[in-house]
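Please work from the sequences and hints to get the whole structure.
Protein chains: 2
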Amino acid sequence: MGMTLDEILPDLRRQSVDVRHAETGLWAASMLRDRISAGQLAPGAKLSEEPLCEVLGVSRNTLREAFATLAREHVVTRIPNRGVFVTRPTADDIREIYRVRRFLEPAALTWSTDYTTDALHAAIARARSAHTDGSVPGMASANQDFHAGVVALTGSDRLNAQMTQVLAEMRLVFHSMVADPLFHAPYIDDNAIILAKFEAGERSEAAALMVDYLRRAEQQLLEAHARARAATRHPLAQTGAQRAYGTR
Amino acid sequence: MGMTLDEILPDLRRQSVDVRHAETGLWAASMLRDRISAGQLAPGAKLSEEPLCEVLGVSRNTLREAFATLAREHVVTRIPNRGVFVTRPTADDIREIYRVRRFLEPAALTWSTDYTTDALHAAIARARSAHTDGSVPGMASANQDFHAGVVALTGSDRLNAQMTQVLAEMRLVFHSMVADPLFHAPYIDDNAIILAKFEAGERSEAAALMVDYLRRAEQQLLEAHARARAATRHPLAQTGAQRAYGTR
DNA sequence: TTTCTGTGTATTGTTCAACAATCTCTGTAA
DNA sequence: TTACAGAGATTGTTGAACAATACACAGAAA
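One line per chain: the protein sequences are A and B, in this order.
Heads up: the first sequence is residues 1 to 248, going by UniProt numbering.
Heads up: the second sequence is residues 1 to 248, going by UniProt numbering.
If you are wondering where the hints come from, they were derived from the structure by calculation, not from laboratory data.
Glycine included, each C-beta is placed from N, C-alpha and C at the ideal position.
Far from chain B, by Cβ distances over 12 Å, these chain A residues were calculated:
1) A38
2) E50
3) Y115
4) R126
5) D145
6) I188
7) A226
8) R227
If you want a taste of the chain B side facing chain A, the calculated C-beta under 7 Å gives, among others:
9) N61
10) R72
11) A107
Ranges between beta-carbon positions, derived for each pair:
12) A/A91 x B/A125: 34 to 44 Å
13) A/R72 x B/R95: 17 to 27 Å
14) B/R78 x A/R82: 23 to 33 Å
15) A/R95 x B/A91: 33 to 43 Å
16) B/S135 x A/E199: 48 to 58 Å
17) B/R60 x A/V178: 40 to 50 Å
18) A/R72 x B/A125: 33 to 43 Å
19) A/T90 x B/D114: 17 to 27 Å
20) B/T116 x A/P80: 27 to 37 Å
21) A/I79 x B/D34: 23 to 33 Å
22) A/A226 x B/D114: 18 to 28 Å
23) A/R227 x B/T113: 18 to 28 Å
24) B/A91 x A/D133: 44 to 54 Å
25) A/L182 x B/A196: 41 to 51 Å
Here it is, written out as C-alpha cells:
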C-alpha cells in the first residue's frame, strides 16, 4: 500500500506487453484506475507523463486522454503546468461524498421498483465472514458492495455510475488515512437492519435509518481525517508530491 | 435550428480567433457543447475532425480531448473508426433520463436542508411571462431552470452536475423531434403547486406530485418520440449520418 | 542566518506530420 | 438486383518538436 511510482513501474510494464487495445486511451485509464483503487498509487502521488507512457507503451497524447478520463472521475487531479496527481481527498470532499450518498441511497430505498435483494444479502454475508476472518479489506469491500447494491435497485445506469464514482473516491479517503480496523464492524448490523426494513415494506423507515447511518459514518471519517491531517503536518512526513498538491 | 455542419462553420470561426485558452481541450468542448445545446448542430450530425479543428484553430489531438469530454456527457456519441456524432436520443435514453430525474428531484424535495426558493419562484415567473409571450424556447428554458433549481437545493456539486447533464440530454430530445408548442404550458402550474407544497413543509406531498409530474412528462415525450421516429422512417429523410448512427 | 532574486533545467501544454487500421463509396461482374 | 473488389477518405495512434510554465539551486542583499 502506498508504494511510490517507481516501485510499481515494473508491475505495470508486465501487464502492458502485447495487449491489443481498441481504445488505447480508455485502456490506459482503466490500468491506472485499478492501481489507484488498490492503493498501490497512494493519494498525493505524482503521475509523471514520461515514465508512465514508457511503461504503458502508449504515447504521451494517448496517456493524456487517459488522464482526462480519470480527472473527470475525480480520481486524479490536474494542476496546470504542474502535472497530474492521485487525488488527495479533503474534508470538503468527504462532506460532498456523503451529501451525494445521503440523497442517492435513501432515494433508492424509497422509490425503487426493484425488489431483488439477493445481492444485498450476499454482501452482508460476505461482510460477516470477513469480520470473523478479521479481514479489514474484505469488510470494506463487502460494505461497498452493499451500498452499491442499494443504488442498483434504481435500475439506472447513470445513478449507478455516479455511485461507483463516489465509492471510488471513498477508497481514496481510506487510503489517505490510517485505517481503523474497527471502522466497518459496527455498520454490518446497521446494513442488515436497513435491509430488513426495506424487505418488510417499511421504506421510509429504511431510508431514515440509512440517513442516520451515513451521518454517523461521515462524522467518524471526518474525525479520522482531521487526525490524519494533524499527524502529517510534520514537515518530515511530507514528500515533494504532497507539498506540490498542497495541504489546502 | 438543425443547420448542417457547413452552415455554422463560419460562425464558429468567428468566435475562435484570438482566443487565449488555458485549457484548450475544455474550451473546444464548451464551444461545441453550446452549439449542440442551441440546436445548431442537430442530433445525428456528424462532427468530422478535419473541418472542425481547422475552424476552431486547434489540433486534432486537442479536438479529440474535447470529444472525449462530450462523449462522457452523452452529448456526443463515438463510433470507433466511424466518427463522432451528436447523440440522437433513443426511447431508452428518454426512459433513463426520467429514471434519474424521478430519483433526484423527489429526493431533493424530501431531504434538502436548504430552504432558499427565490430562484424557483423566479423560474416560474419567467415561465409564465414566456407563456403569455408565446415563446416556446422561453418556456422550455424556464422550466429547466425550475427543475435544476430543485436539485440545487441539495447543495451538492456532483448532483447538480448530473442534473445539468441530464437536462442537456433533454434538450437533445427536444431538438430531435418536432416541438409541440403546448408541451410545456400545462406543467407551469404543476411546478407552482409543487413549490407551494414544499414551502408549506409538506415535503412528501411535494415529492409525490413531482413523481407524478415526471411520469406524465415522460409518457408524453415517449409518444412524441415514437411519432417522430415513424415520420423519419422514410428512407428519403435519412442522411448518411443518421444511417451511420443507426435507428437502433 | 534569512530572504530575495535570477538563471538553468525539467516538465507540461499544444501542435504538426506521418502511418496503420478501418470504413465508405463506386463500379463491375454475376 | 445482389455480391464483391478496390480506391479513396476518415479515424486511431504515434513520435517529435517547440513554447510556456514551474522547480531547484546558486548567489546577492538585509
